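A.B. asks: Listed below, chain by chain, are the residues.
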Amino acid sequence: MSDSQAAPAAGSLFGEGSLPFDIGWQKLMMWVFIITDALLFAGLLVSYGVVRVASPVWPDQNVAFDMNYITLMTFTLIASSWSMVCAVSASNAGNKKHVSTFLWLTIFGGVSFLGMQVYEWSHFIHEGARLTSNPWGVAHFSASFFVITGFHGMHVTTGVIILLIVAIRSAKGKATAIGVENAGLYWHFVDLVWVFVFALFYLV
Amino acid sequence: MSEHPAESGKKVYLQHAKILAVLATLTVTMIFIGESPLVQAPKVFLLLLGSGTKAMLIIFYFMHLRFEHKGLVLTVLVGIFVTSVLMFLVPAYDGGYILEHSLYK
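Taken in sequence, the protein lines are chains H and R. Just so we're on the same page, my numbering is the position in the first sequence counted from 1, plus 507. Just so we're on the same page, my numbering is the position in the second sequence counted from 1, plus 2.
Result set (BS3-like, lysine-lysine): computed pairs, CA atoms no more than 25 Å apart in a straight line:
{"#": "1", "chain 1": "R", "residue 1": "Lys-72", "chain 2": "H", "residue 2": "Lys-534"}
{"#": "2", "chain 1": "H", "residue 1": "Lys-603", "chain 2": "R", "residue 2": "Lys-20"}
{"#": "3", "chain 1": "H", "residue 1": "Lys-604", "chain 2": "R", "residue 2": "Lys-20"}
{"#": "4", "chain 1": "H", "residue 1": "Lys-603", "chain 2": "R", "residue 2": "Lys-12"}
{"#": "5", "chain 1": "H", "residue 1": "Lys-681", "chain 2": "H", "residue 2": "Lys-534"}
{"#": "6", "chain 1": "H", "residue 1": "Lys-604", "chain 2": "H", "residue 2": "Lys-681"}
Because the hints were derived from the structure by calculation, they are not lab data. As the structure is a prediction and not an experimental result, all values here were calculated from the model.
Produce the complete structure using the sequences and hints provided.
C.D. replies: And the structure:
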């Protein structure tokens, strides 16, 4: 293949030769993944919205949940997002010591969030909530809760595993800046999803 | 390749902390809105506005989308937003129909 075929001319749709959107393939694939995963969560939240619109009654979240506890979970996740962006900044600057510190802080935040979610789930189940029924009368309420927060929790678990791998690789001096950045993109996405879950499920 | 700021140290971490403070403030504000005696429709609107603002802060400042190619920014934002709205509009019509005809009663 000649050079003119391999690299689109400047000013074309991409305009950046062999780098669509002017980024490397790893980051581009991460963004493609994030878009598709965001649409998946959008589908879940939209389904929940339709169920809410169609249900004549809906339980008061303040009765079913401890809102102070949910707020603490939210702050934990936001704070872990801060430590992650600091790790990415440190990685771009080549500050390996700071990368390691912030990555472990982020992992701590993620594990704390998961621990709180496990407690919240067990408390909810202990109160009688199941996928098909619950003491508050509207079956869709607990079904939406388990599906949406469960799916999100699964993403957090995956994020913690990815961060652990990156942190270990960082300690061995094997982690690359793009590796840390992609892990960061994923982690921020997990935080981003929680922003909407928190607002639409717990506050509306 | 797009350039990201290769800065590190307290100054950069504090800049990120400022965004964190704004996110925390928005979260607290949204909790107050959620617990206020407002009618459902404006409450949902305000909460979506708050969530959208938080999402934009995370996307542009934490995910560094503001440093990326304009094409990527448009693909991410317009793609997700337009599809989500379309996704809601189609089944919401059915939801409204179900509510109107009281199929749940």
